[in-house]
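Note that the sequence shown covers residues 1095 to 1312 in the working numbering.
The reader is advised that the hints may include incorrect statements.
Across the chosen pairs, the derived CB separations fall in these ranges [as the list claims (entries may be wrong)]:
id : residue 1 : residue 2 : range
1  : I1117     : L1268     : 33 to 43 Å
2  : S1232     : E1274     : 39 to 49 Å
3  : L1122     : G1155     : 31 to 41 Å
4  : T1195     : P1111     : 38 to 48 Å
5  : L1128     : A1184     : 41 to 51 Å
6  : G1155     : L1131     : 33 to 43 Å
Rather than coming from a laboratory, the hints here were simulated on the basis of the structure.
Since we're looking at a predicted model, the values are computed, not measured.
A virtual CB, placed ideally from N, CA and C, is assigned to each residue, including glycine.
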Amino acid sequence: MTGLLEALRQIADLGGPVVMILIGVSVLTLAVILYKLWQFKAAGAGRHRELSEAVAAWDRGDRAGAQQALSRSRSYLAPVIEMAFTSGPADASRLEAEAETRFARLESGFRLLDSVAQLAPLLGLFGTVLGMIEAFQSLQQAGAQVDPSLLAGGIWVALLTTAVGLAVAMPTALVLSWFEARMDAERVTAGRAISTILFPQGAATAAAPAGGAVPAGA
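Take these sequences, add in the hints, and give me the full structure.
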């Protein structure tokens, strides 16, 4: 514990309070990312094999097979699909709202990750500006006895905050893009499933002969 505190003190002395803030932000960001990964896994995001089988069976007109396949699904969308089984085309908006409610739970924390990706470089740049001001103040105080190493040392320490800010922002932006791509795929899956259940192909095929039958007396 003492070694950790000493390391943090050295980092604070070298990079200043801005670097310490960025380190704290990076720890918080890592915790949010790990939580989102666990949440996605627990919700079964991206694992919709049984749910897809249920939708395909319903589309064929196999209602019993659809219910059986859905009972094996551990997807967070399973309750929405089960609700769709007992709904009609007029309930499409309600089903979409139910799906969006579940999407919102998975998307919680995205705003924080987006803020970190945008603000971390700016925070690093702010630390660099403060460091440059301090470096030029030291250069001014040196007067005629200017040592180039004094200015060079102050500049590289100032630029350290920008490097730390970019190191925090870039991985965060990549992970956020991956999360958002997963959620886009989830929305496509849910929309297709709801549309297929509300307007199954099997029902349309069964209704076609009755609607297109030629009267016997014609």
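Could you tell me whether the CB distance from L1128 to A1184 stays inside 41 to 51 Å?
-> With Cβ atoms ~42 Å apart, the hint holds.
G1155 and L1131, beta-carbon distance inside 33 to 43 Å?
-> holds, 39 Å
With 39 to 49 Å as the target window, see if S1232 and E1274 comply at their CB atoms.
-> Since S1232 and E1274 have Cβ atoms about 45 Å apart, the given range 39 to 49 Å holds.
Between I1117 and L1268, does the C-beta distance stay in 33 to 43 Å?
-> 19 Å Cβ-Cβ, so the 33 to 43 Å window is violated.
Is 31 to 41 Å a correct range for the gap between the Cβ atoms of L1122 and G1155?
-> Between L1122 and G1155, where Cβ atoms are some 51 Å apart, the hint is violated.
Beta-carbon spacing of T1195 to P1111 - inside the hinted bounds 38 to 48 Å or not | holds, 41 Å
The structure fails to meet hints 1 and 3 from the earlier list, while all remaining hints are met.
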